Structures are given as C-alpha cells and as structure tokens.
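Visitor: As a plain string of letters, each chain reads:
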Amino acid sequence: MMITKHNFEAYMLDWMEGKLSDQEVRALQLFLDDHPDLDAALPEEIVLSDAAFLSDEEKDSLLYQNIDERNRSYFFIAYVEGMLDENQMKAVETFVARSPVFDKEFNQFKRTLLPMDTTVLFTDKHALVQPIGGALDWWTNATRAAAIIVLLIGSYWLFLQTDDVAPRYTQSYKYATEYFQEQLAIDTLPDEQVVQVRTIQTLQLLVEHDNMTTEISSEEQRLEIAETVDAKSSFSIDTLEFLSPNITEDAIADISVQDPIVMEVKQHDFSKTSAEMHSHPAIPRLDEWAISKIEQRARLSSGFPDDIEFENSLYSLASLGLSALTKQQQSIGSKQDDYRKTRVEIGGLKFERTVFVGRN
Amino acid sequence: LNARQYNDLVYAHSDGLYRFALRLCRDDDQAKDLVQISFEKVWLKCEDIPADKGKSYLFRTLYNSFVDTTRKMKPDRIGEHCNAVSELVPHHDLKEILHDALNQLPEAQKSAVLLRDYEGYNYQEIGEILNLSESQVKVYIFRARKALQQIIGKIEAVL
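If you read the sequences in order, they're chains P and B. Our numbering applies: residue -11 is where the first sequence begins, and numbers increase by one. Our numbering applies: residue 90 is where the second sequence begins, and numbers increase by one.
Quick caveat, the hints were computed from the structure, so don't treat them as lab data. Since this is a predicted model, take the numbers as computed values, not measurements. A few of these clues could be false.
DSS-like mimics (lysine-lysine), calculated; alpha carbons at most 27 Å apart, straight line [said to hold, decoys possible]: (1) Lys78/P to Lys235/B; (2) Lys243/B to Lys(-7)/P; (3) Lys113/P to Lys142/B; (4) Lys92/P to Lys142/B.
A short, non-exhaustive set of chain B residues, derived as facing chain P with CB atoms under 10 Å [unchecked claim]: (5) Arg149; (6) Asp206; (7) Lys227; (8) Gly242.
In this text, a Cβ means the ideal position worked out from N, Cα and C, and glycines have one as well.
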C-alpha cells in the first residue's frame, strides 16, 4: 500500500505499535522527508531500528528518547488510545514532565476521550421487544431438545454397558414417588403429546444416575427442559405445573382429606425398601382405585382435563399406588433392578414409563 | 439470532445505540426513529445474523440509515439544525465543550470517535460498522483527537 497524505497518520501509529517492517519504516521515513509540510517526523534513530545488535528494550529506549516537537502528538494520541505498553507510556510521561507546554498539551489530548452520558437512556425499549416463542425459537428449542435426547440416549447406553460398576443412589422412596407422580401425569396425556414429553421421562430416568445428577438435577434445568417442551406443545402451562414439585405437594395435601385409603397409605413410611413398599396391604386396593379413576378420566376426556384440581388429586393417588402399573413390568436396569420399564394400556391410552426405585 | 437473543440486544444496547444516534443527528425524535428502524431491520434479518455479530450489525444499520437520511435532507435544514444545537448548548463544562466540538468534525471522524469512546470498539470493528479500512479508522481517530485537542486548547485560552 502506498503511503500518502491521506493515510500516513495510520502508518505513524502502526510504527509506534511496532507493526511496521523495517522496509515500511524506511518508506515512511522517506515519505515524511519528502513532505516537511506535514509536520511529522520519525526520530533519526528509528531508521536504524533494524540493527540486529539492539535488544527490544534498547530500541524502545532509543525510540522514546527521541520524542520531539514534530512527532509528539502521535505519541500523545497513541498514549490516549491505549496503544503503548508500560515502558512506552513511561517514556511519554518523562517527556512531558520536562516541559509545561507539552504537559498542558498532553492533558488536552487526555481530555479528548468522550465521557459517556449514562443518564441518556432509550425509554421505549418495550416497543422494540419481540414475543418469545416464534417459529425461529421453536426451531432452536427443538434442535436443543434433539441434542439432549441424543446425549441422554448415549449416556444411558453407556450406563447399561457397565453392569460391573453398581451405580450409587442417594434418593429415597419419597423422591421416587415424586417422579412417579410426574410421569403418571405426563403419561395420561393424549398420544401425540406423550411423544413430546417422553424426552423428560428419559431424562428423569438418567437424572437418577450418579454420573448425571450434577448435570441435570437442578430445578433450573428442569424448568429449562420444561420450556423446551413448552415450545412444542399447546398444553405447556399445565405441563410446567406438573413439573413443579410445589404442585405435587399441594395435590397430595388435597387428596389426604378425600379418601381413607390414601390416608392409610400415606401414613406408611415410604422411605423403606422396595419389598416393604409392595407388601403394604393398602397398596393393591389403592392400585385398584387409581386404575379405575384413570380409566374414568380416559373415557371422559380426550384432551387435557379442565378440572386441574381433580386431576392433581387423581395423579397423586395413582402415584402413591406404586404397584398400580407393574402388571407388565420388565427390568431394563442393572442387576439391582433399580430401573423398571412398564408398558400398559388403560382406557385407550398407552403408557410407557420408566420408574426409578431408589435404595437408601 | 433468535427472539430471545434479539430481546437481549434490545435491553443491552438500545441505550448505547440511542446515545450514538443522538450524537450523530442531534435530534431526539430522529434519534429515536433511527433506533427503531435499526432494530426493525435487525429483526427482519435476524435469521441471517450470527448472535455474536448482533451489536455491530445494529450500529452499522443505524449508521447507514443515518447517512441515507442525511443525504436526503436539504443542506439548509442541516445548517438550521447545527445552529439550533450550538445555541442550545452553553459551554458550562468540558463535557459540553467536547460534544459541541465533536459536532464540528466531519461525520466519519465523529462516528469513529463515538464508537471508540462510547462503545469501546477496536479499529477493526469500527471499520466494519462504518465501511472503512482499519487504516482509515486510525487516520480518522487521529485527526479527530488532534482537532478536538486544538478546540479544547483554543477554548482554554479564551477562558
């Protein structure tokens, strides 16, 4: 590139940053010599900058001993622009300290930095904001969901390959019950919606695995997953509610006053072993009751129920009856059978659930 | 850019964009219009804009819109505008002196300094926004700082 009157300042600044080759430095020197009207000059010594015997430090020292009247403004601006290193800045400060005139000028350059007026604000932001959940967002979330599914399937496959390493579980029965409850709520939705939320079931299965717990077990991540589902389903609000532990607690509180069977089951300490759980005398009766209610719900409603409160109670009851859907149970987990996959059809609705049965 | 990222841009950069526009055109209504237009254009093309380029795309869009608008304005109208602002801004402090001095610089120099000081862009980024080479940006910033220093010097001599 040719050095001209229109760009020589850029070369001056590049030279200060050490970005010019020796050939370019010579070209710049020649150009400035030919144009004394530009009131700019390189120090004499800079021409010798290619002297191989000089260290970088010596070159710096040599260079900044030669800040003079004709090139000082470049140094001042380079200083203000933050182009100089610590040694170079000290050299400029030493130079201005020798002359009050240059010191004043240097300070004027410092003041050319424009202070941002943070009191000036754009007050119509709300008019610019776009609603979330458009087609583009749906696609982004769908892509994200697909990536999560692939990751989880891969992780689960790896888990199945490592039978000799028994996974460590810390969840109690209470925890398993809560998941069961959520899964039941999800499973009783119409088929097309069940397909969408199955990712969550798979995810919940893997959340229990020790290796995955730290990654996916937080409430924040659960909600993020719920949002992913949200982008794909029309009943999103209800789904989100069922993914919330608060709803679960409320629902359990509701059913406690409605049915004596539930009261009896709830009084049992569920933080015990699987065998104790299933041997409880109230369980079969509760199963029967819950299945009949699910069938009733399936007959009455083809979509998501309007009566959320009733449904909450129903799901809670069914979830307490842990053996309700174990008729076609098949083990897919480790030797300890901690994961159980259940397939059953009730009232025309297909259920496919993976239930975690925790151990203390 | 998706909708969420676009909205993040609104909250993070609409103030800075508005300040930039206001300094460029010195008219509140026009500055707001420029901000509005810029975000609209970004939203319409958001599928093609990488998330990390959203901010520079916004500033470039605003600058181009401003240049287009200025070209369409009659020269006498621009003159009226400058005079009005000069009269409205008394030289009470350095900030006002500087901003008044800034208005005397050529448009490209002024924009380069604003983007440098207000938004902290490097020379390459400023070049992308203003459609200039990095070398040109350095020249403009050098000349702008020198001009501003001289204006400050003259004002200090009077005061």
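Visitor: Does each hint fit the structure? Answer for all of them.
Guide: Verification of the hints:
This hinted pair checks out: Lys78/P and Lys235/B have alpha carbons roughly 21 Å apart, not beyond 27 Å. The hinted pair formed by Lys243/B and Lys(-7)/P meets the criterion: a straight-line CA distance of about 26 Å does not exceed 27 Å. A C-alpha spacing of about 20 Å is found between Lys113/P and Lys142/B, which places the hinted pair at or below 27 Å, so the restraint holds. With a C-alpha separation of about 40 Å, the suggested pair Lys92/P and Lys142/B falls outside the 27 Å cut-off, and the hint is violated.
Taking 10 Å as the C-beta contact cut-off toward chain P, the hint placing Arg149/B at the interface is violated, the least distance being around 17 Å. Annotation: Asp206/B was flagged as interfacial toward chain P, and the flag holds, the nearest CB pair being 4 Å apart, inside 10 Å. Nearest Cβ of chain P to the Cβ of Lys227/B: about 4 Å, under the 10 Å cut. The hint holds. Because the beta carbon of Gly242/B sits about 5 Å from the nearest beta carbon in chain P, less than 10 Å, this interface hint is met.
Hints 4, 5 from the earlier list are contradicted by this structure; the remaining hints agree with it.
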